[in-house]
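Sequences and hints are given; from them, build the entire structure.
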Amino acid sequence: MAVKMSSGYRLFSMINTCFLLLLGVACILPLLHILALSFSSASAVTAGEVTFWPVDWTTAAYENVFGKKEYLVAFWVSIQRVVIGVSINMLLTILIAYPLSKENSQFPGRTLYAWYFVFTMLFSGGLIPWYMTIKATGLLDTIWALVIPSAVPIFNVIVLLNFFRGLPKELEESAKLDGAGPFTVLWRIFVPLSMPSIATLLLFAIVGHWNSWFDGLILANHTENYPLQSFLQTIIIKLDPAYLTPRDAELHALVNNRTSRAAQIFIAALPILMVYPFLQRYFVKGIVLGSVKE
Amino acid sequence: MVSAIRKYWPFHLMILPGFLLVLVYSYGPMAGLVIAFKKFMPSKGIWGSPWLGMDNFNFVMSLPDTSQVIRNTIIIALMKMVVGLIVPITIAILLNEVRKAAFKRTVQTLIYLPHFLSWIILGGILIDILSPSQGIVNKLLGLFGFDPIFFLGDNRWFRFTLVFSDVWKEFGFSTIVYLAALTSINPVLYEAAEIDGANRWRQTWHVTLPGMLPIIVLLGTLSLGNVLNAGFDQVFNLYSVPVYETGDIIDTYVYRIGIEKAQYGIATAVGLFKSVVSFIFISLSYFLAYRFANYRIF
Numbered sequence: 001m002a003v004k005m006s007s008g009y010r011l012f013s014m015i016n017t018c019f020l021l022l023l024g025v026a027c028i029l030p031l032l033h034i035l036a037l038s039f040s041s042a043s044a045v046t047a048g049e050v051t052f053w054p055v056d057w058t059t060a061a062y063e064n065v066f067g068k069k070e071y072l073v074a075f076w077v078s079i080q081r082v083v084i085g086v087s088i089n090m091l092l093t094i095l096i097a098y099p100l101s102k103e104n105s106q107f108p109g110r111t112l113y114a115w116y117f118v119f120t121m122l123f124s125g126g127l128i129p130w131y132m133t134i135k136a137t138g139l140l141d142t143i144w145a146l147v148i149p150s151a152v153p154i155f156n157v158i159v160l161l162n163f164f165r166g167l168p169k170e171l172e173e174s175a176k177l178d179g180a181g182p183f184t185v186l187w188r189i190f191v192p193l194s195m196p197s198i199a200t201l202l203l204f205a206i207v208g209h210w211n212s213w214f215d216g217l218i219l220a221n222h223t224e225n226y227p228l229q230s231f232l233q234t235i236i237i238k239l240d241p242a243y244l245t246p247r248d249a250e251l252h253a254l255v256n257n258r259t260s261r262a263a264q265i266f267i268a269a270l271p272i273l274m275v276y277p278f279l280q281r282y283f284v285k286g287i288v289l290g291s292v293k294e
Numbered sequence: 001m002v003s004a005i006r007k008y009w010p011f012h013l014m015i016l017p018g019f020l021l022v023l024v025y026s027y028g029p030m031a032g033l034v035i036a037f038k039k040f041m042p043s044k045g046i047w048g049s050p051w052l053g054m055d056n057f058n059f060v061m062s063l064p065d066t067s068q069v070i071r072n073t074i075i076i077a078l079m080k081m082v083v084g085l086i087v088p089i090t091i092a093i094l095l096n097e098v099r100k101a102a103f104k105r106t107v108q109t110l111i112y113l114p115h116f117l118s119w120i121i122l123g124g125i126l127i128d129i130l131s132p133s134q135g136i137v138n139k140l141l142g143l144f145g146f147d148p149i150f151f152l153g154d155n156r157w158f159r160f161t162l163v164f165s166d167v168w169k170e171f172g173f174s175t176i177v178y179l180a181a182l183t184s185i186n187p188v189l190y191e192a193a194e195i196d197g198a199n200r201w202r203q204t205w206h207v208t209l210p211g212m213l214p215i216i217v218l219l220g221t222l223s224l225g226n227v228l229n230a231g232f233d234q235v236f237n238l239y240s241v242p243v244y245e246t247g248d249i250i251d252t253y254v255y256r257i258g259i260e261k262a263q264y265g266i267a268t269a270v271g272l273f274k275s276v277v278s279f280i281f282i283s284l285s286y287f288l289a290y291r292f293a294n295y296r297i298f
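These protein sequence lines are chains V and A, in that order.
The first sequence begins at 1 in full-length UniProt numbering and counts up by one.
The second sequence begins at 1 in full-length UniProt numbering and counts up by one.
Misleading hints may appear alongside valid ones.
With a Cα cut of at most 25 Å, we get these calculated DSS-like pairs of lysine-lysine [as the list claims (entries may be wrong)]:
(1) V:LYS102 x A:LYS7
(2) A:LYS261 x V:LYS135
(3) A:LYS261 x A:LYS39
(4) V:LYS135 x V:LYS68
(5) A:LYS7 x V:LYS169
(6) A:LYS44 x A:LYS261
(7) A:LYS39 x V:LYS135
(8) V:LYS102 x V:LYS169
(9) A:LYS7 x V:LYS135
(10) A:LYS7 x V:LYS176
These are computed hints drawn from the structure, not numbers from a lab.
Below, the structure written as structure tokens:
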């Protein structure tokens, strides 16, 4: 197809392409800089020679990080929370979304339940009552504090219930005629048909759990129960000595230079970068589905 | 009633576990809000602690920092809302003009990557690259003859840094939504405009923008609910004592009073204030979106 373009528009196209390219690069340059720092020698970093390519290539920072027991323990806590937390999230999301995707005539009480869940998106008890509830239920300082209070991701439930509603009703009706109960219909028909949406939500849940840091910071009393992001919060972000408790100060001594800090940041980002290609494949559909409806 | 429950028991059963968890961990804290009206004593527990009426609220209002914190929250939140609306719309329109699908996809892939990284990662990166002594940003500015700027420690720059870095993290993600709205515009409209002699610029003005308007209105309205959400994750990881003046927000204030100073009653009072105001704004925004953009949550 031949498209006639004015010379003005061709000029615009060229500038536009360059601009968008620069914009795209600007979004990953900071990460590249950190990556370059992490593979450079400490002296090159201190001298300010490193930009976007490692200088005096060395993996010392990574050897250093992987030699620290604290870092590995925190990494392991994060993996545990992702596996347990995401399993609970997905199971509950699917179980709740199905009945709520019914019409009121098929499931009286459905609207009441839906508002019950949605109301928690509109109003919350805030930080202190939230903390005290978790304390009262005895979860403090356990892995369960990181997965049970956030067990029901309401937003994901809404995305999935809207997807369920878009599925052809005839399938369910014919399955019912064959004698299938609601649980069978859900697992045998709805779940397999909703794989694109479920995959998106699965990735959201993984990213969400991996990235969570505040709950770990507040709900774990001992550093060995910190997930990775909370651990990094205490040793990389809170540099202000006025804030350091003796425990933090001890940890702080672990990361004495920029290369080591850069390596720790990059390792923490790595799992996200690894699932990113999958995220990308599904999430456009998923996010658009959730936020825009007819 | 009983027969209805018997008939629909599988549905009720599916909801039950989630129902109970939400009851305990979402509605439980709402009940715990009563400590905003109490003098909380750990030994007596929430229900045994003596009532204070509105004393906690009066005390908070008497603190000199409170009005500053509320002002900071609203200013930062509004700045993020406005810039966070304009930038993605602009980028979506520019991306829509790109004809090569592969290039378009590549740019998209790059721009929404930061969205998936936590504020711990991005905070760590920003602290490093924005450092006045060693950071690469100030090194670059130095090449052009600028004095080092302490982006994270200077009250003149802190809000700007917050808004800029927040938009950097999130604009790619929002762009996707607008781009989806753009691709659903009927191509016939463009052809018709072209036949009527409209150039690309006029086509953008008369076809693309009106086509995006519903989604712009919708997302703009829904963002109203964030008027007191200045972004705890970001501020908490980037701020420090010297920039409390411009960067301390309600959520970080609550954290310091409640968790660091263990003043549960007072911190809860501030939290309750935020929850109530946010509730009003979120409800209003959903109502407006429902009324004018035909939006339904479920």
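Checked hints:
| no. | hint | verdict |
| --- | --- | --- |
| 1 | V:LYS102 x A:LYS7 | holds (14 Å) |
| 2 | A:LYS261 x V:LYS135 | holds (18 Å) |
| 3 | A:LYS261 x A:LYS39 | holds (15 Å) |
| 4 | V:LYS135 x V:LYS68 | violated (30 Å) |
| 5 | A:LYS7 x V:LYS169 | holds (20 Å) |
| 6 | A:LYS44 x A:LYS261 | holds (19 Å) |
| 7 | A:LYS39 x V:LYS135 | holds (19 Å) |
| 8 | V:LYS102 x V:LYS169 | holds (10 Å) |
| 9 | A:LYS7 x V:LYS135 | violated (38 Å) |
| 10 | A:LYS7 x V:LYS176 | holds (15 Å) |
In summary, the numbered hints that this structure violates are 4, 9.
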